[in-house]
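Asker: Heads up: the protein sequence lines correspond to chains A and B, in order. Those letters in the first sequence? Residues 1 to 238, per our numbering, in order. Those letters in the second sequence? Residues 1 to 238, per our numbering, in order.
Everything labelled a hint here was simulated from the structure, so no lab data went into it. Incorrect hints may have been included.
[As the list claims (entries may be wrong)] Derived pair list, reagent style DMTMM-like, types lysine to aspartate or glutamate, alpha-carbon separation capped at 25 Å:
#, chain 1, residue 1, chain 2, residue 2
1, A, K221, B, D150
2, A, K62, B, E25
3, A, K21, B, D150
[As the list claims (entries may be wrong)] If the Cβ cut is set under 7 Å, some of the chain B residues that face chain A in the computed set are:
#, residue
4, G70
5, G88
6, A113
7, M133
8, P135
9, N141
10, A145
11, V231
12, P233
[Claimed, not checked] What follows is a list of derived Cβ distance ranges for each label pair:
#, chain 1, residue 1, chain 2, residue 2, range
13, A, R224, B, K61, 14 to 24 Å
14, A, M225, B, M225, 16 to 26 Å
15, B, Y200, A, T148, 46 to 56 Å
16, B, G222, A, Q97, 43 to 53 Å
Values in this document were obtained by computation on a predicted structure and should not be read as measured data. Glycine is no exception: its CB is placed at the ideal position from the N, C-alpha and C atoms.
2 protein chains.
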Amino acid sequence: MIYVVGIGPGNAEHMTHRAKKIIKEVDVVVGYKVYIKLIESLLTTQIVESNGMRGEVERCKKAIEYSRNGKTVAVISSGDAGVYGMAGLVLELSDGQDHVEVVPGVTASSAGAAILGAPLMHDYCHISLSDLMTPIDKIMNRVKAAATSDFVICFYNPKSHGRPDYIKQAINMISEIQGDDILVGLAKDAGRDEEETHIYKIDEVNYDLIDMTTIVIVGNKGTRMIGNLMVTPRGYEL
Amino acid sequence: MIYVVGIGPGNAEHMTHRAKKIIKEVDVVVGYKVYIKLIESLLTTQIVESNGMRGEVERCKKAIEYSRNGKTVAVISSGDAGVYGMAGLVLELSDGQDHVEVVPGVTASSAGAAILGAPLMHDYCHISLSDLMTPIDKIMNRVKAAATSDFVICFYNPKSHGRPDYIKQAINMISEIQGDDILVGLAKDAGRDEEETHIYKIDEVNYDLIDMTTIVIVGNKGTRMIGNLMVTPRGYEL
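Excised from the complex, chain A in its bound form (with noise of 0.2 Å):
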């Protein structure tokens, strides 16, 4: 039996029951290095199998091995599994022959959303900028699309060494659509001790900021600061 589990945004309390109660009742757990140490204190007496970034493939062939050797096993995926995350790849793995349960997990544009106020209260998608395994003409096309029909933007995975400047390229795009009142969000570590935000109108955005644990949030037409907080209203009138 294989668990693949969402463990959410990293701090312990924004964990479900149900994820701990797997991750504590297994007999192995399986993970990225960074993701095993956010979970650290529900270890005991599992077996701990845990490798480094791009090692997804063989954490996951380990885990149908455990399982099929008639351990009960949790993959660990950071935010919720089923969202860029550990679910498809063990699903593919196993190719219907194991017994294999999703446990959903609060994803990080939930996370970060929750940080920088209530962005998505409207219509939103979720972009990954990562081009590892999709042409990048294809993921530009995709913003191009959410701007003109006014989507909130969501970007996952927003800069890495190998690709510093998709995030401005995509941002600058979606300037030129939708114009330059629109609101940018970063949320940093948001759900761990130290997260922290940062509000933009379009043009002005700092770039330097942005780094792999950023989620950015690209309002809508509609949003606006409330406060401190960036808002897209569901449009109740009030």
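Starting from the known structure of chain A, fit chain B onto it as the hints suggest.
Answerer: The following block gives chain B in isolation, referenced to the frame of chain A:
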């Protein structure tokens, strides 16, 4: 102090530790009566203020009033409070004058995706088909843009008595753009004891099974069946 609390999809085990702790500790709990029922087991001495559908503005005003009278208040929202939930309305009505914390939860698309397989492993969007506060033309324009750029699409509020046919119109439009190999998953009451799923080829959807508690997830061109589950591969070479 006002907490806007996402209680997750319904079952207590999918609630976060922070959500549960806050509901237990506040002086006043405010919510739609159906959601109050879902958290009944956490209620002891709290004052409870509940009302019916479309009573959102009244509920939020009451919450703010209690808070200004020195009480701690939890405004309950299903799923994630920041996704088509109560967070925006509380912040709008409070207008920067109150201390508000948004407590994120597991949103309905994450809960639905978890029981359908892993359809949200690639870029996706959320579209609400409720036209109470958004013109239907604007909504359908978003559907078209999302399909044209090959997003996975999650429909919230897919159907109600006043608008029974929007979901069919939207899915027909996607079928015309994306072709008839696209998969459509229905997740009903995801994250509750009575949850059920149905997965169809796009031209074979049984629309009678869709109601207000259903999340409808339309795959992208890469989404495929693995065993009896719906998976959108992230793109790993296996």
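Asker: A separate judgement is required for each hint: does it hold in the structure or not?
Answerer: Verification of the supplied hints:
1. This hinted pair checks out: A:K221 and B:D150 have alpha carbons roughly 23 Å apart, not beyond 25 Å.
2. As the CA atoms of A:K62 and B:E25 are separated by approximately 42 Å, the hinted pair breaks the 25 Å bound.
3. For the hint pairing A:K21 with B:D150, the CA-to-CA distance comes to about 37 Å; that exceeds 25 Å, so the pair is violated.
4. For B:G70, the shortest C-beta to C-beta distance to chain A is roughly 20 Å, which exceeds 7 Å, and the interface hint is violated.
5. Hint on B:G88 holds. Least Cβ distance to chain A is approximately 4 Å, under the 7 Å limit.
6. Taken as an interface hint, B:A113 checks out: its beta carbon lies about 4 Å from the nearest beta carbon of chain A, inside 7 Å.
7. The beta carbon of B:M133 is positioned within 7 Å of a beta carbon in chain A (closest approach about 3 Å), and the interface hint is therefore held.
8. The beta carbon of B:P135 comes no nearer than 10 Å to any beta carbon in chain A, farther than 7 Å, and the hint placing it at the interface is violated.
9. Because the beta carbon of B:N141 sits about 5 Å from the nearest beta carbon in chain A, less than 7 Å, this interface hint is met.
10. Annotation: interface hint on B:A145 holds; nearest CB of chain A at approximately 4 Å, less than 7 Å.
11. A hinted interface residue such as B:V231 counts as satisfied when its beta carbon comes closer than 7 Å to some beta carbon of chain A; here the least separation is about 5 Å, so the hint holds.
12. A cut of 7 Å between beta carbons decides the hint on B:P233: the least distance to chain A is about 6 Å, and the hint holds.
13. In this structure the hint that A:R224 and B:K61 lie 14 to 24 Å apart at CB holds, the actual value being about 20 Å.
14. Look at A:M225 against B:M225: about 45 Å separates their beta carbons, and that is not inside 16 to 26 Å.
15. Distance hint check for B:Y200 and A:T148: the Cβ-Cβ separation is about 29 Å, which falls outside the suggested range of 46 to 56 Å.
16. Taking 43 to 53 Å as the suggested C-beta distance range, the pair B:G222 and A:Q97 does not conform, at roughly 21 Å.
The structure shown violates the earlier hints numbered 2, 3, 4, 8, 14, 15 and 16.
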